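Number of protein chains: 4
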Amino acid sequence: MIDAPPVGTTMRALVKEAAAPGAAIREVPVPQPVAGELLVRVEAASVCGTDVHIERWDPWAQENFGPPPMTFGHEMAGTVVARGAGATRIALGALVAAETHWVDWTCYQCRTGRANVCQHMRIMGVHVPGSFAQYVIIPEVNAWVSEGLAPEIAALQEPLGNAVFAAFVEEVAGQTAVVTGCGPIGLMSIAVLKIAGARSVFATDINPERMAMAEQMGADLVLDARDDVVGRLRAETDGNGVDIVLEMSGSSAALHQGLAAVTNGGRVSLLGTHSVPATIDLSQEVIFKGIRIYGITGRRLWDTWYRTTALLEEGLDLTPIISHRLPLADYAQAFDLVASGHAGKIVLLPQEEQ
Amino acid sequence: MIDAPPVGTTMRALVKEAAAPGAAIREVPVPQPVAGELLVRVEAASVCGTDVHIERWDPWAQENFGPPPMTFGHEMAGTVVARGAGATRIALGALVAAETHWVDWTCYQCRTGRANVCQHMRIMGVHVPGSFAQYVIIPEVNAWVSEGLAPEIAALQEPLGNAVFAAFVEEVAGQTAVVTGCGPIGLMSIAVLKIAGARSVFATDINPERMAMAEQMGADLVLDARDDVVGRLRAETDGNGVDIVLEMSGSSAALHQGLAAVTNGGRVSLLGTHSVPATIDLSQEVIFKGIRIYGITGRRLWDTWYRTTALLEEGLDLTPIISHRLPLADYAQAFDLVASGHAGKIVLLPQEEQ
Amino acid sequence: MIDAPPVGTTMRALVKEAAAPGAAIREVPVPQPVAGELLVRVEAASVCGTDVHIERWDPWAQENFGPPPMTFGHEMAGTVVARGAGATRIALGALVAAETHWVDWTCYQCRTGRANVCQHMRIMGVHVPGSFAQYVIIPEVNAWVSEGLAPEIAALQEPLGNAVFAAFVEEVAGQTAVVTGCGPIGLMSIAVLKIAGARSVFATDINPERMAMAEQMGADLVLDARDDVVGRLRAETDGNGVDIVLEMSGSSAALHQGLAAVTNGGRVSLLGTHSVPATIDLSQEVIFKGIRIYGITGRRLWDTWYRTTALLEEGLDLTPIISHRLPLADYAQAFDLVASGHAGKIVLLPQEEQ
Amino acid sequence: MIDAPPVGTTMRALVKEAAAPGAAIREVPVPQPVAGELLVRVEAASVCGTDVHIERWDPWAQENFGPPPMTFGHEMAGTVVARGAGATRIALGALVAAETHWVDWTCYQCRTGRANVCQHMRIMGVHVPGSFAQYVIIPEVNAWVSEGLAPEIAALQEPLGNAVFAAFVEEVAGQTAVVTGCGPIGLMSIAVLKIAGARSVFATDINPERMAMAEQMGADLVLDARDDVVGRLRAETDGNGVDIVLEMSGSSAALHQGLAAVTNGGRVSLLGTHSVPATIDLSQEVIFKGIRIYGITGRRLWDTWYRTTALLEEGLDLTPIISHRLPLADYAQAFDLVASGHAGKIVLLPQEEQ
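Chain order of the listed sequences is A, B, C and D.
The C-terminal position of the first sequence is numbered 693 in the working numbering, with every residue numbered one higher than the one before it.
The C-terminal position of the second sequence is numbered 693 in the working numbering, with every residue numbered one higher than the one before it.
The C-terminal position of the third sequence is numbered 693 in the working numbering, with every residue numbered one higher than the one before it.
The C-terminal position of the fourth sequence is numbered 693 in the working numbering, with every residue numbered one higher than the one before it.
Hints are computed from structural coordinates only; laboratory data are not their basis.
Since we're looking at a predicted model, the values are computed, not measured.
Any given hint might turn out to be false.
What the hints assert, rightly or not - BS3-like mimics (lysine-lysine), calculated; alpha carbons at most 25 Å apart, straight line: (1) A:Lys533 / D:Lys533; (2) C:Lys533 / B:Lys533; (3) B:Lys628 / A:Lys628.
As the list claims (entries may be wrong) - Heads up, incomplete: computed chain D residues facing chain C, CB under 8 Å, no partners named: (4) Asn579; (5) Leu610; (6) Lys628; (7) Gly629; (8) Gly634; (9) Thr636.
Glycine residues also receive a C-beta, built at the ideal position from the N, C-alpha and C atoms.
Between the sequences and the hints, there should be enough to build the whole structure, so can you do that?
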């Protein structure tokens, strides 16, 4: 059993100090869990593109983060070291990952099975202190027991859940699919589709490193998005087009390829966020094709988590996606790597001394 | 029993004679049904916006119609007066309406319950001769027996089916809904939502005549689309937004109002066709809201038709939508009325002498 | 605002005093709400068949109730008069009804949208003290704000929710349906099916009073269950059989009629509880017909409650079902009436002096 | 290209000659395809339990078969050698399998996506001449092009489709499942569940040979049905019970085990036909558990066939199930083996001389 740090202890944390680019490792007090909360020692904290937006202080971050000063980071796994009053479901010492969306459980959405779009959602590391730190507070209800997983894999369940949600809004087995965009979630979704029995999984990107990883994750065919993707996908599917499009790039060009490649009456999951509006010929690309488009955000609570755990148990292997494991102090290198596109997933290790 | 006209008889038909604006009533031979076909005496043929596009010869018509010379018109009901070989299911003398999409029944879509997006669809009055004529040929498989209905109502089952399909892609009872655009299909969908137990049905338009008809069809609240539709709909739904959006206008402004008004995790049916591409902030309007968007075209074969028949039996009343009943010879007046927006649904009567 | 009774006050309650038939009105202490709980002044408490089982002390009650001494009763509505720590969502003075299933919110079922079959469910009035009393404790999470409803109608939302759940497991609009068994929930489901746009609603029973009430609730045709129900339903549905069967009787004979009357590929909701096992020819009655059978218990949390509220707002009228309104002291008369079948729904009024 | 036999040619066929036990190889005329039909040279014809019932002339056969004299057999694949008028979709020389249910395509079920429960279904080898013969007639619409498959595997698509249909009525990936009964379809469904990403696949039987085959097909755990199946399945699923039950045995004991083992709110597919009625405690086994039961017969046209083809393409291997390949003349041995339970699937080869 790992003991909780004594009251008054400080810890290292990566803090966004002001409403400006940058961040810094600081010594801050270890937080104390109140009723219903857990104090978790962070064993692994992987880097999401969102974290880079926050560090760079882009318009999205300016609008959503904080207020500073606040620790950021959200994909994580760690050990429960203290529990607030009433938090008795999860044992001290358990390895947990965080559902990073803190929802109110009482709004219309939360009470009708759609907590992922809660009207009053707060996101760990965006609106409340995050996990790029030695310790973090998580509401017990947001902690997912992950015994038996390596912490770095447990931390990846959060983005893996995005992929699982996007893939499983409808059936997968025996269907053809294309994943447009092979960033980490795109790569994960390739593996998800394969383990769920998709007939063929195609993938597109323009980054050769990511294209190579897509093959490694099991894609049957990886296409350069600058080539004739639509023609090739039609050819590979008896002219029918693909049944499933998982749009993971946030690129308008990829979106149009997906809409052109999807079979009439097929379905499209949109997960990659678009920084600029897309121009869509709704009549030709959506209406006359009779397709269904799903906006995907977060994870279904908790169907997605059960499913995610199950797939990992079945052997879904995320290890090939992890390109770097770095001490927290190397956060700047990590963010540069993510921004450059020359990385898979980077895991920061807050307990490791530099 | 109405006898078939003797072989060699001619009939009046509204013919698109050339690839240019205009159309003309001509005497043409009554067609003869071949194997699997019915010859139907047209009792009522209602006017769709598509017909006006064909007459006006807009870009869509230039790309899709014909080739001329060909009779157009597709919403219809009539009496079976002759049957080709093997067409024995439907009795001579029966009143039938036409499913206007002639599908191949063998493509991937047709064989998986999505014939409405058949890969080789031909549309009556667009690709094959239509029903603005005293007689028309219909494949028996496309004829929907409509005994007990007035011919003008039977003819309206085709656009009503669009409304039914759009409304019933998911459950309706107890849900709040907004119909954006009160053309004939929008008006029909108001009645469909009401009879199916929607909690509240809102409607928007900018045309006062249509707004008045929307109230007549049962809308609980009709809003001028130039007002603060989103604010009003939020206020009317405890701040949640509406569960269902039926976009029936093809207007980009209406689409954005619908996307802003729909509750997180709600659903949007797109049916109104857009003549220009729409610019959509996918992240804010679709992804982070976790909504589902359905492209709607045609009718589900034949679930929609069974449902449509049932609703008419239950008392759904389309009569208030029919603003004019005119002899076929008055087609020009009819098209002008439709184009002006000062009409509900106009029914042409090919059997009526001027 | 109604004040909470001073600490130490007693109240009248209907108490099951021992593991034997009978019950008695007793003066017992008003309970005090602890964290997360509400103290509710009971304005209306309707009688369910379960309450009669408890009073009569039948085998089900012997196995499930208690232990005695304990107050029973569960269908209720009342005014919030005190709140335990943290129970701040619902205002003092609000009218609330109770979701009577107290679930653990953490089991596999509760975390995957199926709290109605929680693995550790406790039922108010069966496992914890009930609402045949002047005051009752309800967890705030189980309280459904019901402003604007008459208390007697608010109390009926709990069984109405059963009907709503049973009816809406699949679509209703435009479908034919039969309700087998016209007890209170059967009667409610007739109204639910009608308001949701069912094409035809048939009902069966053998009790003439209930058959009359079924007509009053809107059934299109009410059949004596001893007649040729199956033949008649086939005849009324063009030989196809009905799309929907709601089995509300718990009678094996009714079940077989429903299975025979349902159309191939149709669906059957089972809600009426069977005191003895049923003998079913699975091959002929289920497998070769390709039907779906749904076991229905409780209400979906909280989709069913939202839907139930919506239907009441739309005008679903339960008043005709309420045959008696009695002071709590007349419980024995109420139970006898329910047992006799000569009552619709009986509402007990705990605040009313005899 | 294989030529059609000259008109007047005879062929060997296994004929049920009279309404009594037995069957005999006879020389009968090669049938001629009429409009819409194909003449198919039978390359492989596998034996179904139904065929044994027909040969043994059990009560089911007495009620359903014929009338004699008629050829039986239905699971088949073969080469198209002649085509009736209008049958132009499938090329001469193509390898096809048969959807053995000949449906009317016009009844309520056929027109609403449920042709597998057509009201006027005829089954090849039961109501019309079957495929235990050198040639057989198939409506072109019932022929499924199976190029690239071995004929013996192509023939097995028909029972494989049963397994696919039963498994895929709801999602499979990440779910736990038990298959009760390891006859050929049960064995196939194990492989189907595994390839579709089930979390764990359990199987039960009492026949050691079948239990061994279940392991070979990929079951994670095979249990003797006489042991404490329910306790073991609960233990293997964290006490929750299994998500999916595929009842493939037709045994009442297995059914009760499945109903006891399924998790609250889970789902059960019934496919094994029951020769005697089952006695079910509906309240405890179905209603209070909130489960869904699906009667499964035939295959969904044509979703199931597309899916089945896809799974075979993905690598689902049925070869281990085929225990014997015999010339048609050895039919008696084949039927005895099937009846004894000491066989997997037996393929008869009508083109092979003994």
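Tested hints:
1. A:Lys533 / D:Lys533: holds, 12 Å
2. C:Lys533 / B:Lys533: Roughly 12 Å separates the two Cα atoms, so the pair holds.
3. B:Lys628 / A:Lys628: holds, 23 Å
4. Asn579: Constraint on asparagine 579 of chain D satisfied, holds at 5 Å.
5. Leu610: Leucine 610 of chain D check passes; min Cβ-Cβ to chain C is 7 Å, inside 8 Å.
6. Lys628: Holds: closest Cβ of chain C sits about 6 Å from lysine 628 of chain D, inside 8 Å.
7. Gly629: holds, 4 Å
8. Gly634: holds, 4 Å
9. Thr636: At 5 Å from the nearest chain C Cβ, threonine 636 of chain D passes the 8 Å test, so the hint holds.
The earlier numbered hints are all upheld by this structure, with none contradicted.
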